[in-house]
Amino acid sequence: LDGPALGHRVAAIDLPGDWIFLEQEQADPQIRMVVGDEATQNNLRLRVSPLPQPVVVNDDTPDNVVAELQAQFDRYIDSGENVRDVIQRQRVKINGVHGWWYLYTFNNAGGEEEGVHSHFFMLGGEKLYTLVFQVLPATAYEKYAATFDEIISTFEILDPAASPAPSESPAR
Numbered sequence: 090l091d092g093p094a095l096g097h098r099v100a101a102i103d104l105p106g107d108w109i110f111l112e113q114e115q116a117d118p119q120i121r122m123v124v125g126d127e128a129t130q131n132n133l134r135l136r137v138s139p140l141p142q143p144v145v146v147n148d149d150t151p152d153n154v155v156a157e158l159q160a161q162f163d164r165y166i167d168s169g170e171n172v173r174d175v176i177q178r179q180r181v182k183i184n185g186v187h188g189w190w191y192l193y194t195f196n197n198a199g200g201e202e203e204g205v206h207s208h209f210f211m212l213g214g215e216k217l218y219t220l221v222f223q224v225l226p227a228t229a230y231e232k233y234a235a236t237f238d239e240i241i242s243t244f245e246i247l248d249p250a251a252s253p254a255p256s257e258s259p260a261r
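To get the working numbering, take the position in the sequence shown, counting from 1, and add 89.
Note that these hints are calculated values from the structure, not bench results.
Simulated pairs of lysine to aspartate or glutamate, EDC-like, Cα-Cα distance not exceeding 16 Å:
(1) K182 <-> D238
(2) K182 <-> D149
(3) K232 <-> D126
For clarity, every value in this text was computed on a predicted model and none was experimentally measured.
With the hints as extra help, turn the sequences into a complete structure.
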């Protein structure tokens, strides 16, 4: 993934061959891509946001720091205006990158349909990578869950300033 705001490639992720790049509903320079199934509202939105100061989380990060970060992400999700029910919250580590995962139901903007978000906050030094997988209606989640898991398992940060130590990265 690359973009004019950062001027270089920042992350890599493998996508299903039948997914396409979708038009963004609103211009947001931090949204790096929206991809998905054109015939549905099932997609992935990736946002890359600069952090006011570098945040590095690893296996040695003190528990109080981890707890404060989790509390911030919890507040963000819990205060979402369309969030209905948080099903799961979990700390994750994907290809050496630490973060948090939330699974929750939400109402679409019109309020007439319930969907599911599988929402990842991945910390990469000076940037926060937010990946939100969406399905509408919620009943489609079971069909897409394995695809979402496959996609997120390929997420890597390419920005050298934010990459985990080589010993943390899996062999490919």
